[in-house]
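Numbering of the sequence shown is given in the UniProt record's numbering, commencing with residue 1 and proceeding in unit increments.
Don't take each hint at face value.
Here are the simulated distance ranges between beta carbons [claimed, not checked]: (1) Gly436 - Tyr318: 48 to 58 angstroms; (2) Gln314 - Asp15: 36 to 46 angstroms; (3) Glu532 - Asp437: 38 to 48 angstroms; (4) Asp324 - Asp92: 46 to 56 angstroms; (5) Thr256 - Val420: 56 to 66 angstroms; (6) Asp544 - Ser240: 41 to 51 angstroms; (7) Asn29 - Ala497: 35 to 45 angstroms.
Hints in this document: simulated from the structure, not taken from any laboratory. These numbers were taken from a predicted model, which means no experiment stands behind them. C-beta: ideal position from N, C-alpha, C; glycine also.
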Amino acid sequence: MTAATGNVAGEESYDVIKARGQQIHVGDNETFENKLIDMSGGGDISIRARGENWTVRNIGVKGRMQDGNSTTSLIMAEAHGDCLIENVYYTDGAERNQQLGFKFIFAPTQATGHLTIRNCRWENVCSTACYLEPGGRVSPRMTATVENCYAGNNRIDTLRTNGKGDEVRNCVFFNTPDGDEVSRLIRTVNDGVLDIQDTHLQTHNSTYRCLVAGSDATINYRSGEWDGHGGGNGSLNVSSSVGSNPEKFVPAGVPTSPEDAASGGSDTTEYDGGNDADDEESERPPGTELRLEGTANYRIDVDGTIHPYPEFEQYLDYGEHYGDDWADWYLGDSFTVWYIDGDIENLSLEETNALTVYLDGEVVDPDSLSSDGSTELDSGETKLRMEGEADYLIEVSGDIRPADSIAQWVEEGEQYGDGVVDWYLTGSWTEWYYTGDIERFEVNSTEDLQVYVDGDAVDPAHLGGTGRANESTLRLEGETDYYVEVSGDIRPDEELAQWVEEGEQYGDGVVDWYLTGSWTQWHYTGNIETFEVSSTDDLRIFVDGIEVNTNSL
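Assemble the whole structure, with the sequences as input and the hints as a guide.
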């Protein structure tokens, strides 16, 4: 590697690296820092960070990525443990017409740690710019915190996540009117959960949105400013404290030039929580203190009243996250406190990890506070319980009603009525009480679903159909051109449908397309009759969630 040394007066020196197709490897506990990368000669470069507790910081990039033969991302971030990308400047982007797969940061399937991206600036990237979606729904998978960053005018997505517990804090993401016309700012997919605080989002275009929550994904936008453009088939929760006047400004600590980044010239700014209030303890509400520490999705039902810890109240919406006698929220490796004036009727916990529960400072067994969430059945009713993930449609010959504990989330005439239920389940449970017989039972997937009738486990197939004509799912991860022919029909996954057109990329039981360092998913009936790919070097294939090789197809 040939490098020159430069410096800015009063700041750290840095090395200048001419991009010629190099791959720079960063391993366990290693730091790669203070580099000015020059792409103006037409070459590319890739920083391959893989392992535990590595750091990439103080990196400035000059020139556009044009070659693209040896890399699909500036930084490949396989994070294990706690890893950091900090103070990186990359705004010249890449040639849009030629390098649709090139990314700023790409997290591969193997990433299982936590990645912090801080004080970074990326613009004009020709693909999903910051691609933090390792491995779809695999477990464990990486989580990420993106804080104090400035990014915009990127093609496809400025930021894409799918971790359970990802965070975006104190950032400014934008598309200007003269920016790329095919762009979203933040997209969360699969069953990811993203929390956004103190962030400005602006698109200038209602077609290409600030926020998109994919199917089964959840975005909680707690504070900041945006122009109101959001959507998707998942859960997009926008707090009433979010304003409608976003501004385009560079947060303090973000580098202003490649040289500024390489020299470490901008002061590192860590997110302070966006709260300038005094640290004095807020006045405690009356009642018993219930404290949870760790990780969990939780619901609390009380016979009396419940109030949140005053410092947390700014992040909660009354009627959405809690009410007079209930609370329903999540906890991500931290703590929460509620004050209960009365008795706890039920504490329901899901997806727990290292969870400790305290009542007035004393450790208690959470099972002692839990009931099974059941509702007393009326005469002639049967109980149907489902646990897991699925979209579902149920039709019975009599009447059907929700359990009391989920009744607040559904509305008669909308999600259910006249003997029919049409709703979804995202990694939790639901219960319905019906009279008569189940005449129709359809779900989009049984991969992670358990069904019980009056407490007895049953096969969903015995209750009716299990999807669209018993479809199978084909998923590909990596890079390849592919051609698939099936004996029945084939359709794209909902997340993919906007990028393909029937009659062009697929139709009449055939798919002919490509994959660039990401994933694709298709649903089909019948059997796979032809399966051809241009390369298997970086390719993983799954059929109905089971990994297979090309020979088996």
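For each hint, the structure was consulted:
no.: 1; hint: Gly436 - Tyr318: 48 to 58 angstroms; in the structure: 38 angstroms, violated
no.: 2; hint: Gln314 - Asp15: 36 to 46 angstroms; in the structure: 44 angstroms, holds
no.: 3; hint: Glu532 - Asp437: 38 to 48 angstroms; in the structure: 47 angstroms, holds
no.: 4; hint: Asp324 - Asp92: 46 to 56 angstroms; in the structure: 55 angstroms, holds
no.: 5; hint: Thr256 - Val420: 56 to 66 angstroms; in the structure: 58 angstroms, holds
no.: 6; hint: Asp544 - Ser240: 41 to 51 angstroms; in the structure: 42 angstroms, holds
no.: 7; hint: Asn29 - Ala497: 35 to 45 angstroms; in the structure: 43 angstroms, holds
Checked against the numbered hints above, the structure breaks only hint 1 and satisfies the rest.
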